[in-house]
Amino acid sequence: MVLLILVTHNAYGEEQLAEKKKTKAPENWGIAMGIRSARIPFDTNESVVNDVLPLIFYDNGRLFIDGLEAGYRLFQGKNWQLSPFARYRFFDIPKEFQNDIREDGLDLGGQFTYHFSDWFHTDFEVLSDQNGHIHANLTPSFEFERGDWDFRPYVRFRWKSADFNNRYYGLGRENPGSAVDVLLSTDIRYHVYRNLYLLGQVSLRMLDSDTRDVSFVKRSTQGEAFFGFGFFDDKKRPVDTLDSKPYVRLAHGWGTTSNLGEILTGKTESDPYNNQMTSVFFGVPLADELFTIPISTYLTPGLVVYLMPRKSLTWKNRT
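Numbering (this note's numbering), first residue to last: 54 to 372.
By construction, these hints were calculated from the structure, which means they are not laboratory data. Even glycine gets a Cβ: it sits at the ideal position worked out from N, Cα and C. Any given hint might turn out to be false.
Below, simulated DSBU-like cross-link-like pairs (lysine-lysine); rule was C-alpha separation at most 35 Å, straight line [claimed, not checked]:
| # | residue 1 | residue 2 |
| --- | --- | --- |
| 1 | K298 | K131 |
| 2 | K74 | K288 |
| 3 | K288 | K131 |
Restraint ranges, calculated between C-beta atoms of paired labels, are given here [what the hints assert, rightly or not]:
| # | residue 1 | residue 2 | range |
| --- | --- | --- | --- |
| 4 | G225 | P291 | 47 to 53 Å |
| 5 | R142 | N113 | 23 to 29 Å |
| 6 | F344 | V255 | 24 to 30 Å |
| 7 | L127 | R302 | 27 to 33 Å |
| 8 | I348 | N103 | 28 to 34 Å |
| 9 | L249 | H305 | 34 to 40 Å |
Work the whole structure out from these sequences, hints included.
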């Protein structure tokens, strides 16, 4: 009888130890790719611009990444959170000018979120581009789930400072000043099978009267659409823990003038400038299986440092 109790106790301890060794699964994760198509608001020969977008989704603890935006829940209560926040902003112009005028960028700032219920919350954000042009957003959002369909409609009221509006709509030539525009948008996700999902988004931005009066702004509204596919956690088979473990990967490499075929056959030549790279990557486990196949999936953020000796910067005159 005593032995039985001891065995039972030991088995329970081993089970607890095994659980401790497991990794906590993220609340949700995903990787996706798709095509974004947007109307150009300016008076140009082209009316539409297209982009191919890779997207990452991750939510675990304080860190969240949601496609083109990310943040860190620095402070949070039962129904609210305050986060350092970033969102990628597009500047839609014809492709022929995109290499010369690069105004797409990551806007940084803060976000306050309040959850009124499981299906309704509101975000308030204050963001700035790299030149200090400020804009703020107030975004009531709804979330609905119907079988394999997920819907997230929202309205975004954007206040643009005079500097922001003059730069991105006045283009430094005219001064529409500070103003407020409105974006109507819906994110759609359809669960196809296991980890495979289809993604879509449609939105319409209604410009304010001052911005519409800019001489080279052709349209009073700007439409945008996105369609793609992605691999996400299976909503019908949630997982709490993972067998996959996090890792750290360090690497250092030397440059070579050899092509891939020569490298694979061991016929490499040293780089005369001795260019080198050092990297560190962190493996964050996302899933143990993909489509029920035992394929470990990781999110791998990292840092790469390019080491370029000074002599490689020396130019030689050729006659």
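For this structure, which hints from the list above don't hold up? No numbers; nothing is violated.
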